[in-house]
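Novice: Listed below are the residues making up each chain.
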Amino acid sequence: MNRKRICGNYLRFFAGAVAVLTAVFVLGCAGEKADVIKIGMGSPLTGDQAKIGQDMKNGAQLAVDDINQKGGVLGKNLVLVAHDDKHEPREAVAIAQKLKTDKKVMAIVGHLNSACSLPASNIYHQAGIVMISPSTTNVTFTKRGYRNVFRVCTNDAVQGQTSGKFVYERLKKRRIATLHDKTAYGQGLAKEFVKGVKDFGGDVILFEGITQGDKDYTAILTKVRSLNPDILYFGGMYPEGGKLAKQMSELGMKIPLIGGDGLFDSEFLRIAGRHAEGCMASFLVAPKEKMPSVADFEKAYREKFGEMGPYSPYAYDAVYIIAEAIKRANVLDRKKIAEEVAKTSYNGVVGLTMFDEFGDTLNKEIFFYIVKDGKFVFFE
Amino acid sequence: MVLQSLVNGLTLGSVYALIALGYTMVYGILELINFAHGEIYMVGAYIGYGVLIMMMGMNLHIFGYGFTLAMVFVITMILVGFLGVAIERFAYRPLRDSPRLAPLICAVGVSIFLQNIVMLICGTGTVVYPEILPNANFAIGDVNLNFIQLFIMGVSFGTMIVLHLFIKNTKLGKAMRAVAQDRTTASLMGINVDVIISVTFFIGSALGAVAGILVGMRFDVEYNMGYLAGLKAFTAAVLGGIGNVPGAMLGGLVLGIAENFASIYLLPYIGLTHEYKDALAFVILIIVLIVKPSGILGERIPEKV
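Top to bottom, those sequences are chains A and B.
Per the numbering used here, the very first residue in the first sequence carries number 925; after that it's consecutive.
Per the numbering used here, the very first residue in the second sequence carries number 16; after that it's consecutive.
Quick caveat, the hints were computed from the structure, so don't treat them as lab data.
Ideal Cβ positions, reconstructed from N, Cα and C, are used throughout, including at glycine.
Where hints are given, some of them may not hold.
To be verified - Per label pair, the in silico range of CB-to-CB distance:
1. B:ILE68 with A:GLY1298: 11 to 21 Å
2. A:VAL1301 with B:PRO261: 18 to 28 Å
3. A:GLY1137 with B:VAL123: 18 to 28 Å
4. A:GLY1176 with B:THR288: 53 to 63 Å
5. A:LEU1276 with B:LEU18: 32 to 42 Å
6. A:ASN1271 with B:LEU281: 54 to 64 Å
7. A:GLY1230 with B:TYR284: 45 to 55 Å
8. A:GLN1136 with B:LEU246: 11 to 21 Å
9. B:LEU165 with A:ALA1051: 52 to 62 Å
10. A:GLY1137 with B:PRO261: 31 to 41 Å
11. B:ASN184 with A:GLN1136: 40 to 50 Å
12. A:GLY1298 with B:TYR280: 53 to 63 Å
13. B:ASP157 with A:ARG1068: 28 to 38 Å
14. A:GLY1176 with B:ASN184: 52 to 62 Å
As the list claims (entries may be wrong) - Over the 10 Å line for every Cβ pair with chain B, so calculated as not near, a few chain A residues:
15. TYR934
16. ARG936
17. PHE937
18. GLY971
19. ASP1138
20. THR1146
21. LYS1147
22. LYS1212
23. ILE1290
24. LYS1296
To be verified - Output of the computed footprint for chain A on chain B, the stretches with three or more beta carbons under 8 Å from beta carbons of chain A:
25. 87–97
26. 141–148
27. 234–245
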């Protein structure tokens, strides 16, 4: 081809590319709805903890839908922007970076795991976005002087030490073995539990970590068994907890297994099967028999999403708290909204939520549940 | 605690042995380390679950759970065996005359492929086998023997004995030994080398599937279970002598026992907690390769004229 032809070809290609890009740009921008208020979220949506992550997202989505149905906030609709952090701290940080640069994101509900919430909160703090976690119980989450970090659930100091008291006084166990999963949450909770037990005079004969993602815990359980404890406490999540329960049965260990809110999910029951019988877990919400708001929420959740997860009600309340705060602030300014959240007094599914100067909720009740006939039942 | 560790170790070790056999047999005839074998084990666990659920759905358990379980094993072994044959046929055979590195990298690729396909199809959640075996515990002194441990050891040892008899006494077994010894001469003797290689892959994969079902029944099934188990079984095969069938069995048992004893006795003495037991397998691998690369029972070295 001669030079003119070649130039002509290039020119045509170039013009075509510009046209396509312009079209994509215009269509893409038109795709974004005019005026919305975005609430960002991070939780594990894939991986071995996907179930509770999805349940948390659904709880928030339910709140968003309810609020939008009643007219939205300041005349605009809420949109939940949920990302998958795979319970990996690195993913959580990446998500935080993404969310903070979106100017329409006014608040964050999340993350789920303490190991994710802690590093992500640094980024949200820098950007001044308010962050309400439905499930992060690690103590240091609210102890770093960040005025924009809150949680609707109580913390592990309360959960662990109350559990320690429970094991010593209610269950009358004296020789206690403790395992944890070496995460910020599991290890933190186990440490607080040990503190609680020791305060009452119990004997902690073992404190060791297991690895998340591992399958065979028979070696460490054999060691636990040989020390003759009265009970085994596990600070960690249900994939490992379920395996522990199963393998304790395999080794003929008759002592009960007790854990924290990380065990309180139907997945624990599924993974451990009938070996879950007699296992106990502490949780932060009263059973629905004692709290009608929980029963109502469960019904509404079931109609849309099926069986609810442990953190669904917390996510629901967190979204409402944010919506109320935005209404009170009356302006879409991240800093003002954070200030309003601090003044929250909200009566929701999990009870009355008010925050102290650190961002912790004043609602600090812990409830204990035991597995009976394949279900978690309130321990009277 | 010693005897209990021994029991745990034998249970774990017999599973390692089954997987290690797959590695060692393939290495024996092709001098290829089939890195995809760990994923074959994982696929076996998933397929076993699927077959079991299907059979329970068809109410076949009226014939007794023993029959159902046996059928699950047989069907899964056949399916996974054919998967192994397919992998050999399409991934490794085209590279049979290439430099040794090519099929090795290809094996890694197959491993990644299998893991991701399973993750896409079955998701990343934990799959739990329905409880079929009685949860019977036998307490003998300090040791607690659970039925599942006896079952695992029984099935593993039974399978390994059958394999040994097969290789030693049948014509097909003799052909496999011949191909492992010298591929070219074996083909001159009238042995169809391609068929024998396929049979070897079939058997190795079937054994991996058995291991997968056993572990699935004892613990549970996750899409990433093949990675670590495959590496440890490979270590076991090297420990016993790669290419050597009894060596793989021995290596597997030794590794299983060593892992259990080390995590309770050895590691605390050098200031490490038991989570480092996984590292033990790799330390053993390094030591074996440095000190005695031919392993405990030695490699089957082809005789050179």
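Novice: If a hint holds in the structure, say so; if it does not, say that too.
Specialist: Against the structure, the hints come out as follows:
Distance hint check for ILE68 of chain B and GLY1298 of chain A: the Cβ-Cβ separation is about 19 Å, which falls inside the suggested range of 11 to 21 Å. Between VAL1301 of chain A and PRO261 of chain B the CB atoms are about 53 Å apart, so this pair departs from the stated range of 18 to 28 Å. In this structure, GLY1137 of chain A and VAL123 of chain B meet the distance hint of 18 to 28 Å, their C-beta atoms being roughly 21 Å apart. Range check, GLY1176 of chain A to THR288 of chain B: Cβ separation about 24 Å, and the 53 to 63 Å hint is violated.
A C-beta distance of roughly 56 Å is found between LEU1276 of chain A and LEU18 of chain B, which places it outside the suggested range of 32 to 42 Å. Range check, ASN1271 of chain A to LEU281 of chain B: about 57 Å between beta-carbon atoms, so the 54 to 64 Å window is met. Taking the beta carbon of each, GLY1230 of chain A and TYR284 of chain B are about 51 Å apart, inside 45 to 55 Å as hinted. Between GLN1136 of chain A and LEU246 of chain B the beta carbon distance is about 18 Å. The supplied range of 11 to 21 Å therefore holds.
Evaluation of the 52 to 62 Å hint for LEU165 of chain B and ALA1051 of chain A yields a pass: the beta carbon distance comes to about 59 Å. A hinted range of 31 to 41 Å holds for the C-beta pair GLY1137 of chain A and PRO261 of chain B, which are about 33 Å apart. Between ASN184 of chain B and GLN1136 of chain A the CB atoms are about 47 Å apart, so this pair conforms to the stated range of 40 to 50 Å. One distance hint, 53 to 63 Å for the beta-carbon pair GLY1298 of chain A and TYR280 of chain B, is violated here, with the actual separation near 38 Å.
For the pair ASP157 of chain B and ARG1068 of chain A, the supplied restraint of 28 to 38 Å is violated, since their beta-carbon distance comes to about 49 Å. A beta carbon spacing of about 41 Å between GLY1176 of chain A and ASN184 of chain B contradicts the range 52 to 62 Å that was offered as a hint. Distance to chain B confirms TYR934 of chain A as a non-interface residue, since its nearest Cβ pair spans about 39 Å, more than 10 Å. ARG936 of chain A, annotated as away from the interface, keeps every beta carbon of chain B farther than 10 Å; the closest lies near 41 Å.
Annotated as non-interface, PHE937 of chain A keeps its C-beta farther than 10 Å from every C-beta of chain B; the closest such distance is 36 Å. Non-interface status of GLY971 of chain A relative to chain B is broken: a Cβ of that chain comes within 10 Å, the nearest being about 5 Å off. At roughly 8 Å, the least C-beta separation between ASP1138 of chain A and chain B is not larger than 10 Å, which violates its mark as non-interface. Against chain B, the non-interface label of THR1146 of chain A is violated: not every CB pair exceeds 10 Å, the least being about 5 Å.
A cut-off of 10 Å between C-beta atoms contradicts the statement that LYS1147 of chain A is not in contact with chain B; the least separation is 5 Å. With a least beta-carbon separation of about 26 Å from chain B, LYS1212 of chain A lies farther than 10 Å from that chain, consistent with its non-interface assignment. No Cβ of chain B comes within 10 Å of the Cβ of ILE1290 of chain A; the nearest lies about 27 Å off, and the non-interface call holds. No beta-carbon of chain B is positioned within 10 Å of the beta-carbon of LYS1296 of chain A; the least distance is around 18 Å.
With 0 residues having a Cβ less than 8 Å from any Cβ of chain A, the segment 87–97 of chain B misses the three-residue criterion, and the hint is violated. Counting residues of the segment 141–148 of chain B whose CB falls under 8 Å from any CB of chain A gives 3; the rule of at least 3 is met. Counting residues of the segment 234–245 of chain B whose beta carbon lies closer than 8 Å to any beta carbon of chain A gives 5, which meets the minimum of three for the stated coverage.
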